[in-house]
Every structure is written in C-alpha cells, then in structure tokens.
Amino acid sequence: MRQQYAVRSLILVVGLALVGLAVIAQMIRIQNSEQAKIFLSQGDKYSGEFRMFYPERGEIYDRSGHLLAGNRTVYEVGVSLSEMRKPEALASILSVYLGLTYEEVHKQLTGSPEGWEYIVVQDYVGEETVAALQELMQQQWDADDDSLDGLGFKPHFQRSYPENALASNVLGFVTRDGRGYFGIEEKYNDLLAGNPVQVWVPSDPNKAMEIPRVSNGTTLVLTLNRDLQAQVESILDQALFEYGAENGAIIVMDPRNGDILAMATTPRLDLNNYTDYFSLYDNGSQYNRAIGMAYEAGSVVKILTMAAALDTGTVTPETTYIDTGSIEVGGITIWNWDRQPWGQQDMIGCLQHSLNVCLATLASKMGTQTFYGYMERFGLGHPTGIDLAGEAMGRLKVPGDTDWYPVDLGTNAFGQGVTVTPLQLMMAASAIANDGKMVTPHILYAMLRDGHQYNVPSQYAGAPIKAETAHTLSGMLAVSLEGESSKALVPGYRVAGKTGTAQIPTQLGYDQSQTNASFIGWGPADDPQFMVYVWLQKPSASIWGSQTAAPVFSQVAEQAVILLNIPPDLVRQQYGSR
Amino acid sequence: MQAQATQLIHAYKQAPWRIQRQYVGTFLLVVIGISMIAALYLQVTARAAATGREIQELRAEIITIQRLNADLETQLAKLTSSAEMQRRAVEMDYRPVKPGELDYVAVPGFVAPEPAILLAAKDAGFISLPLPSEYTQSLIEWLDDRIKSGGY
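Residue numbers (the working numbering), protein chains in the order written: chain A, 1 to 578; chain B, 579 to 730.
Certain hints may be false.
To be verified - Reference excerpt, derived from the structure (chain B facing chain A, CB under 8 angstroms, subset only):
no., residue
1, Ala593
2, Gly630
3, Gln634
4, Ser660
Hints were generated in silico from the structure; no laboratory data involved.
For glycine and all other residues, C-beta sits at the position ideal for the given N, C-alpha and C.
Construct the entire structure; sequences and hints are all you get.
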C-alpha cells in the first residue's frame, strides 16, 4: 500500500516538475522571441519621452541691479486633434480670442495632414488671453460641454524689456527664434541663451533623479548706470531738437577703469517691438552710432597730436610760435578754420583757438614716424575691443598706404582725413585723463551663473604717453576752456576738454555747410571720475561744436556729478585735506 | 557489541514525526524570511516610487515657480522703470535736483553697498545641497554598495 502511494507521489512530482519546467521554458521562449522584442520596444515608448529643455535666457541688469532685460511667460495655443470633438465650435471660439479669422482656424483644425496628432494654432499668446480661455474651458467643463476638448496651452518664455527703448542700442534684442541681435544680446548670445539639452524623461518615478538639471543662461550685470543712461538719453533727445541735429551719440565712461556708465544714441528702438528695426535703420552700423559709425571728428583729435608733441618734448605748454594763418605741408597749403593769422601763440592758445596751423606745425616737427607711431599707440584705426557687437574700426591712413599723401601728415594732425568712432576717441583720450594709461572700454561688470559671481576685471590697453604729459595736457585743456569761458564749463567743477567741428567729406570734397559737432571732456580735472563724449550730426542751429556739443557736455556732466555722487571741487578738496 | 551499538543508535535517533516537523519548521522559516524581505523590499520600493513621484511633482512646481518668479520680476521692473519712476515723481511734485542744492557729508570708512543682485548670487549656493544617498537608493542598491565597500 505504502509502495503504491510512493509511486503515485513520484509520478505526481515528476508530472508537476515537468509542467513547471514547461512553464519556465515557455517563459524563456516568449521572453526571447521576436514578438517580445516588439512588445518591449512598444513598452519603451511609454516608459518616458525625449524632451528638449530650453534654459531660461539670462537676465541683464544695470550696475545697481535694475532689470534691463528679463523674461515673461507666453503660451503656445494648440489643439490635440485626437481629443477634439467639435472643430467648428473650437474654431469659432479661438478666432474670437486669438484675433484670427474663423476660416483660418477652421482650416488648421480640419485640414491637417494625415497622422498629425497636434497642431499649433498660435504662439506667443499673452497670459491674459490664455487665462480667459482657461476660464471658459472650466465653465464648459462644468456644463458638460465638450466644445473646447483638445485645446491645450504650452507655456514658454519670451524676452521682455521693462525699460522699453532705454539703452536699446547697448542691449540689442532677441527675436522669436531665440537669437540675439546687436549689442549685448548678440555679443553674449551663447552665454545668455545657455545650452538647450535634449534628455530622456522617464515616466518611472524611481528614475526621477536621472533627469538632469538644466542650468539657466548666465545673468549679466552691466556697468551702465540706468538713471544716468535715462538722463543722458533725455539730454541727447533735447539737444537734437534744440540744435536741429539729425542724429547723435553721447557716451559717459569712467576713465579710471573703462566702465561705460551711459551710452546714448539715436534713433532708439522699443525693444519689445523689435520689428520696427527696419523702419528705423537703413543698416546695422546705425544701430549704435557710438561704436558702429566712424566719422571725421575734427579738432577733438588735436588733443592726441598735442599729447604726442608734449610727450616727445617737441613743445612745452609755454612754447610759442607765430601763427601766420597758413602752412604748407606736402606741397598743399593748410589754413586755420577762420583762414586768419593768430600771431604769437603758446600751446594753450593753440588748443584754445583750435588752430589747424599750430597742430600741422607740430606734426611736421615730429615727423611721420613719430606722429603716426603715437596715433597707432592711441589705438586709432583699431577697434577698441568693447564687448558689444557691431564695432567699427575707423581708418587711419599711414605712410605706405596707397591713398596716403604727405599732406595727410598735416591734415591728420587736426583731425581731417582720420575716421574714428566716438568710443575710439574716448579710449585714446582716457590716457590723458588716467595718468597716461589707456583703458579698454567695457560694458560687462559681472556674470552670475549657478550662484557664482564672476567679476570682469578692467584692462589697460597700454600707456601711450607719460603720466606727466597726461597731467600737463589735462591742465592745459582745463585752462583753455576757462580762458574762452566755454559753454562746456560746469559750475563748481573744473573740467578739461576740447571741442570739434568737422566738415563732412563727400564725393566732391568737404561740404562747407554741414558739420559734425563733437566735444570730449572729463572731470574733475585733478581726479577724473567721468569722461563724456558728445557727437551731434549736422546741427542746423549752429555748425560749431562750441555752440552745440559743448553745452550738451555741460548738461551731461551736471547730471553725472549728481548721480555718481561726486562732490564739488571745493568740498572734495576740503575733505581730502582732513 | 552489535546490540549495544544498535541500542545507542536507537537512543539518539529522532522520531520520524520530529524530523518531519523540523523540515516543515525550516521550510516555514525560509518562507517567513523571504516574505519579510519581500515585504520590506516592497515597502522600500513603494516609498521610493512615492518619493520619486513627489520629486517629479516638485520639479514641475519648481518650473512653474521659476516662471512665475520671472514674470513677477519683469512686472516689478516695469513698475519701477526709469520712465515710470519719473512720472510718479512728477505726480508727487518732485523735481530734479540741481548740483548746487546738494549737501555732501563725509562718512569715514563708508563703503557703498553692492547691488542686491550681486548679494543674492552669493547666497544662492545654499540651495544646491546634494541629496543624501539614503533618499535615492533602493534596498538592493544599498546592500550592493555595502557589499562592495566591505561593510563600511
């Protein structure tokens, strides 16, 4: 009996074991079959999705932390075609809310190619419109109405400029494809935009940590002072109106470190409506005239010639000469601006009366090699290297160039035949205001990324002249302004500077009726903390820089000393002596 | 001698029912052990899944908050823009100050504070503390780590 049970048990065990083995074998077979691979790949489709992460574009601030360029949420309004129930009702509602025609929306909803799951009806839709649509969706949902089924909203960022046109020529703008054009937005586009990353986002919550964090774009802090920028833009606009100038540019820079504190040009673009660009500008160089347009600046270049002459010991401030009203250089006669002789003059008188003959004489005495050597060291003919897109180089003809003639030595000495951008001349003149050391102008103060701050160090671009030369020339320019009771003077502050009135070259020679009026100056003269360049294009109220650009300098300097907290000379010297 | 040996074996040999009980006991012990480990693993896995889900939700919330933050920053900047501040100042009968109207006071040792945006950047490091591995590992991963590290 027992034996029988044992056999039966054995048969049962073997049978069950065989069934078990068969199950295991079948499992292995199924798992390794072709169908299993198809099932697995189908399963993988639902285990997650590839998603492109676009980092938030970095913000741009002024040096005091005022937001100049930020981001705001806009929405892509789309429809999931498989979930859509009533295309007619949906088209009707969307056309009203999105400002489109019914036919347009209806065609999109019903005429999509075969296999399309989702269509975008409109992008960059504002928050208010989307909120209204969402409210309507909720109402319809509550009423069990499926008219808006399939409608969806995808939020994303759009560049926003809270100051509208303020500093637009410095900032540049970002188009809808996310690319920066002009200014900071173009120069630092890669840093600001960050790196878009395509990542696999698993649905499995256990793999939530595998989703990489996408860093936002780098935030930039500029050297600009927003309030000064606003004041300078206002002064420039007023000056264009008052003096009937076509366009203009004003730059305020700290000559000690090259920080650009304000850079105003005209016309300015409302950056939130950047499509107006084409109606405002004929070409890209007009976008920021302060760096993009080289012009013959005229007499403001004389300070560089005088600096070279003082530095080489060719003259001293007391050196005198007899001005006969003309001089011959390279076989061509060069005249003073008024074609009059000025008799015996020292070097201060030479600058004060802006005598072409004087400067041509100095250049002739120095010789081509020395003169052009100094102009090269001042950086003429080379870009300044400012961190803004679209900088022009200007042109300095030098001996050896096919279009250089011996007379150019004389004319270049007083600024004729040399094209510079306002910023180039500022950079060159910074050597005079900054103990002989020339600074590289820059607009970026610091970068912020992932909680770290990177400050941008100031850079010197060489020392073209000695410190003593710089002090001497700065003093001479201050005296010359005081001597002529210039309109550039600032009550309470001693400033140094030079006007420039340059005829405009045309195909037929120089236009006698139209000029470029300029002024470059800095202050306080004994401890320069700001440097201002003013350029007015074709002023009609007066062609003279002394009557147009000089008073504009004074207005800008008055605002600069207030906003930069620079006390009057007397107060400063009192505190300094304690 | 033979008989003595048989007696001795019988004396120490366990009863068949006792041996069966031992087998059953051992089997049950193994089953209970496996069940406990399975239950523990299930609980840890469930918690990890719940935490993972929470992380997913928090990430989505972070994105929403970042977006809201950017919107609010831009709105605030618009409300305090240069043009807007000037308009409000004029409305309140303020006018621009002139250089001669200012009084300057020297404050020894005074250093102008840095703008808030730069100060905020210095504090931002606190939010990026790494999550301890206890919150991210499953039981098997933890055991695997322990084995690989020789128990340390």
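Taking the hints in turn, this is what the structure says about them:
1. Ala593: Hint on B:Ala593: violated, closest Cβ of chain A at ~18 angstroms, above 8 angstroms.
2. Gly630: 3 angstroms, holds
3. Gln634: Status holds, d = 5 angstroms.
4. Ser660: 4 angstroms, holds
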